[in-house]
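The chain contents come next:
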Amino acid sequence: MTEQIPVLRLEGIVKTFPGVRALDGVSLSIMPGEVHALMGENGAGKSTLMKVLGGIHQPDEGRIIIEEQPVVMAGPLDAKAKGIVFIHQELSLADELSVAENIYLGELPRKRFGLVDWAELEAKTNGILEKLKVGFDAKTRVGDLSIANQQMVEIARALTVDAKAVIFDEPTASLTDAEKTVLFEVIADLKAQGVGIAYISHRMEEIFRITDRISVLRDGQYQGTVNTGDTDEEGVTHMMIGRKLDLSRNESHHELGNVALEVRGLSCGDLYRDVSFELRRGEVVGFYGLVGAGRTEIAETLFGLRDPSAGTILLDGEEVRIHSPHDAIERGISLVPEDRKAQGLVLGMNCRDNMTLPQVDDLKAGPFVADGAEIAIFDQYRDKLDIRTPGWKQLVGNLSGGNQQKIVIGKWLSMHPNVLIVDEPTRGIDVGSKAEIHNLIRDLAAQGYAVIVISSEMPEVLHVSDRIVAMYSGRIMRTFTSEEVTEENLIAAISGLETQKVA
Amino acid sequence: MSGLTRKDIGGFLARQGILVAFVLFIIGFTIANARFLDPDNIMGVVRSSAILGVMALGVTFVVISGNLDLSVGSMMSFSTIVVLDLHDKIGPALAIPAMFAMTLCLGAFIGFLVGYLKLNSLIVTLGMLSAIHGLTLTYSGGKNMDIADKEGTWFSVFGQGEALGLPVPILIFVLLAAVLGMLLSKMPFGRKVYAVGGNGTAATFSGIRRARVVFGCYLISAFCVATAGLIQASRSLGSQNTVGQGLELEVLAAVILGGASLMGGSGTIFKTVVGVLILGFIQNGLLLMGLQFYVQYVVTWIIIILAVWLDIAAKRGKLWSPIA
Chain A
2 MTEQIPVLRL EGIVKTFPGV RALDGVSLSI MPGEVHALMG ENGAGKSTLM
52 KVLGGIHQPD EGRIIIEEQP VVMAGPLDAK AKGIVFIHQE LSLADELSVA
102 ENIYLGELPR KRFGLVDWAE LEAKTNGILE KLKVGFDAKT RVGDLSIANQ
152 QMVEIARALT VDAKAVIFDE PTASLTDAEK TVLFEVIADL KAQGVGIAYI
202 SHRMEEIFRI TDRISVLRDG QYQGTVNTGD TDEEGVTHMM IGRKLDLSRN
252 ESHHELGNVA LEVRGLSCGD LYRDVSFELR RGEVVGFYGL VGAGRTEIAE
302 TLFGLRDPSA GTILLDGEEV RIHSPHDAIE RGISLVPEDR KAQGLVLGMN
352 CRDNMTLPQV DDLKAGPFVA DGAEIAIFDQ YRDKLDIRTP GWKQLVGNLS
402 GGNQQKIVIG KWLSMHPNVL IVDEPTRGID VGSKAEIHNL IRDLAAQGYA
452 VIVISSEMPE VLHVSDRIVA MYSGRIMRTF TSEEVTEENL IAAISGLETQ
502 KVA
Chain B
418 MSGLTRKDIG GFLARQGILV AFVLFIIGFT IANARFLDPD NIMGVVRSSA
468 ILGVMALGVT FVVISGNLDL SVGSMMSFST IVVLDLHDKI GPALAIPAMF
518 AMTLCLGAFI GFLVGYLKLN SLIVTLGMLS AIHGLTLTYS GGKNMDIADK
568 EGTWFSVFGQ GEALGLPVPI LIFVLLAAVL GMLLSKMPFG RKVYAVGGNG
618 TAATFSGIRR ARVVFGCYLI SAFCVATAGL IQASRSLGSQ NTVGQGLELE
668 VLAAVILGGA SLMGGSGTIF KTVVGVLILG FIQNGLLLMG LQFYVQYVVT
718 WIIIILAVWL DIAAKRGKLW SPIA
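Chains A and B are the protein sequences, given in the same order.
Sequential numbering of the first sequence, starting at 2, is according to this note's numbering.
Sequential numbering of the second sequence, starting at 418, is according to this note's numbering.
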């Protein structure tokens, strides 16, 4: 076997920001034709490492070496020119342009007088798309594609250059299982062509399905690299957080209180129809289903963001109408939204002010906001939720994802809600924080809170819920107790296999 | 290698550019004309900045909430003309509250369009700039407005009087800055203004009634405009229909110069006051250098561009970047 040289090697990369040593001597190498997982909790330094690789940050110490040549990355374009291509979690495509225009943006083929050579552009694009075996062509408007297909466009764009290494950052975050399979085939093709692949993900099952080696970062420090075949989930988790994790199903049982929320025959246009359920104090009801099944829309209705077209909502047995989040909050309903950056937080505001935002009118000393009371609330929930921040003055935008999510949760817990709705509580959060948030949700139920958890992750729903509502295409297919639910019957329910029975 | 690199200097200029530019201006003006740093001149600058300053206080709220107010100049003309006209008709004691009420109605109308109907504030207030100008001309019939008995009215106290050894316009400016500064930094309403401007969706998800907050900001802006109109009318006791023309840009320049972001969510009353003073000193310095007053218009534009550029540069930490 010939000795291979790494396509990409990092040597002793150090990057410090004021007050934080984000990367502390990280070294790793990616070989041609391998899929190399990069794992670590949020805040472990993965994003910073990617930014160093992409030339967005310059390292304080250490070297980036491409095929034995030390290089300086001047910026994202430079990185691409050197054969390092990024597929980001957040897509950077122009919706109004065609697939072909997006792929060759900035380097469109030209004819005389600088006119675009459309025929050539189309031919080149379709050539690449064929390799990816996708079901759309060069002329399709990108805005009309699904997220998964948009991601394929990003990948196609990566393939236009002679990529030495492709870096995937949480590529499956919004993909269905079928779409994931297609993505993995593409990755396998790249691998077969000798491209080095770095794969960042929090999802263990994917890591074990497609990667060859796993490198782990913790608190900016390189923890080591292992062959995927030589380890298991527990081993990796241990490297990531330095302790073991509880991945079991919810088995705690305590006395349930009265019915806090009852929904009867609730409908909202085509989004969901005839939804009925009840939620008791001390109970966690999980809503499980595919993206688009109507779960988030139900939460939005309960929180006053959508008016229902039919049906009634009862809080403590009393019929209520909720027309705005303000109404909902006054009635004791809280929502930890799906998208914490867009909906949950004002990123340019400090931790304390974010946390007390819904109750700022009630925390008054004379006409002024009571500083002391605010800090007391922040301190209480910082300790309770173990939020790691230098202090309340820290801007929320500077925290890691897990800590940001805890700020949002703290914000709503401090309101002592009658009904707490949590939409995708651990999306984009590392395993360690995930487990903490799961335990927290169980604790809340034990303390008598009525909680709705909406999630697309089955282990999460199984782990936290007393009952599970399975939704498919805007309807509740079945409600399971934690005893009767199995992975099989849950999947059957959410994929519409029981539709006939209901219709 | 020791010493400053080009990059260090670029980063410093990006963060502190406005202050650096200001210091350079001051040094230049002082060399050009020693009177620039004379206490009388400084007092004069502060005094003549008071009207602009009062308006800038209100616009600070609007800008932090993530919107614009380009109607303040023509609204100020309206307030001035109305109060002067009513002065002789119903007497100053009634004219002042009547003028405030009418100006607040205009602010409420803008607040309704931008807050509740969610129309783009640039379009709404640009349109209002023109519409209110038309309203003023209709009201006055296009004639200048003058108070008949300029010697015998107490109305002149707001623009010409002195109290506690200070000109009244300065006192009003300082008082209003203190009150609005408290409102913005210490009271729940202020917190909501930052939240709405910082992330309107998250503010809504936190139960903040965004429309109300935006509406409130335009009311505050209108109140400040009415106060500025009162000072203006009282100082001159007579006015053209176009007295506030062009002030909207100067006001905006002062607010941005102070460091409020046009994206909303940041800025303070204190910074706006600093911005007002910087603008006032620069304009005064240009006059002392013997330049015609209309040079100011060009300079104001340059300052806006500089301030916006440095605002973006400060966020990136460098003066120029290939990506936004």
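Since the hints were derived computationally from the structure, they do not count as laboratory data.
Here the structure is a predicted model, which means the values were calculated and not measured.
Idealized CB from N, CA, C, for every residue including glycine.
Wrong hints could be hidden among the right ones.
Computed Cβ-Cβ distance ranges for the label pairs, DEER-style [to be verified]:
1. A:G293 with B:V437: 35 to 43 angstroms
2. A:P71 with B:I729: 56 to 64 angstroms
3. B:L536 with A:D363: 28 to 36 angstroms
4. B:L536 with A:G270: 41 to 49 angstroms
5. B:L536 with A:V72: 23 to 31 angstroms
6. B:L536 with A:L98: 45 to 53 angstroms
7. B:I459 with A:P71: 53 to 61 angstroms
8. A:R22 with B:A595: 42 to 50 angstroms
No farther apart than 20 angstroms at their CA atoms in a straight line, the calculated lysine to any residue pairs in the SDA-like style are these [claimed, not checked]:
9. A:K134 with A:S99
10. B:K603 with A:Q360
11. A:K394 with B:T685
12. B:K603 with A:L364
13. B:K603 with A:L396
14. B:K603 with A:D363
15. A:K365 with B:M599
16. A:K365 with B:I722
17. B:K603 with A:W393
18. B:K603 with A:V135
19. B:K603 with A:D372
20. B:K603 with A:A343
21. A:K365 with B:K535
22. B:K535 with A:H324
23. A:K165 with A:V264
24. B:K535 with A:Q395
25. B:K603 with A:S99
26. B:K603 with A:A164
27. B:K603 with A:D362
For each hint, the structure was consulted:
no. : hint                                   : verdict
1   : A:G293 with B:V437: 35 to 43 angstroms : violated (54 angstroms)
2   : A:P71 with B:I729: 56 to 64 angstroms  : violated (33 angstroms)
3   : B:L536 with A:D363: 28 to 36 angstroms : holds (32 angstroms)
4   : B:L536 with A:G270: 41 to 49 angstroms : violated (26 angstroms)
5   : B:L536 with A:V72: 23 to 31 angstroms  : violated (51 angstroms)
6   : B:L536 with A:L98: 45 to 53 angstroms  : violated (29 angstroms)
7   : B:I459 with A:P71: 53 to 61 angstroms  : holds (58 angstroms)
8   : A:R22 with B:A595: 42 to 50 angstroms  : holds (43 angstroms)
9   : A:K134 with A:S99                      : holds (18 angstroms)
10  : B:K603 with A:Q360                     : holds (15 angstroms)
11  : A:K394 with B:T685                     : holds (17 angstroms)
12  : B:K603 with A:L364                     : holds (12 angstroms)
13  : B:K603 with A:L396                     : holds (18 angstroms)
14  : B:K603 with A:D363                     : holds (14 angstroms)
15  : A:K365 with B:M599                     : holds (14 angstroms)
16  : A:K365 with B:I722                     : violated (40 angstroms)
17  : B:K603 with A:W393                     : holds (16 angstroms)
18  : B:K603 with A:V135                     : violated (56 angstroms)
19  : B:K603 with A:D372                     : holds (9 angstroms)
20  : B:K603 with A:A343                     : violated (26 angstroms)
21  : A:K365 with B:K535                     : violated (30 angstroms)
22  : B:K535 with A:H324                     : holds (18 angstroms)
23  : A:K165 with A:V264                     : violated (55 angstroms)
24  : B:K535 with A:Q395                     : violated (32 angstroms)
25  : B:K603 with A:S99                      : violated (50 angstroms)
26  : B:K603 with A:A164                     : violated (54 angstroms)
27  : B:K603 with A:D362                     : holds (12 angstroms)
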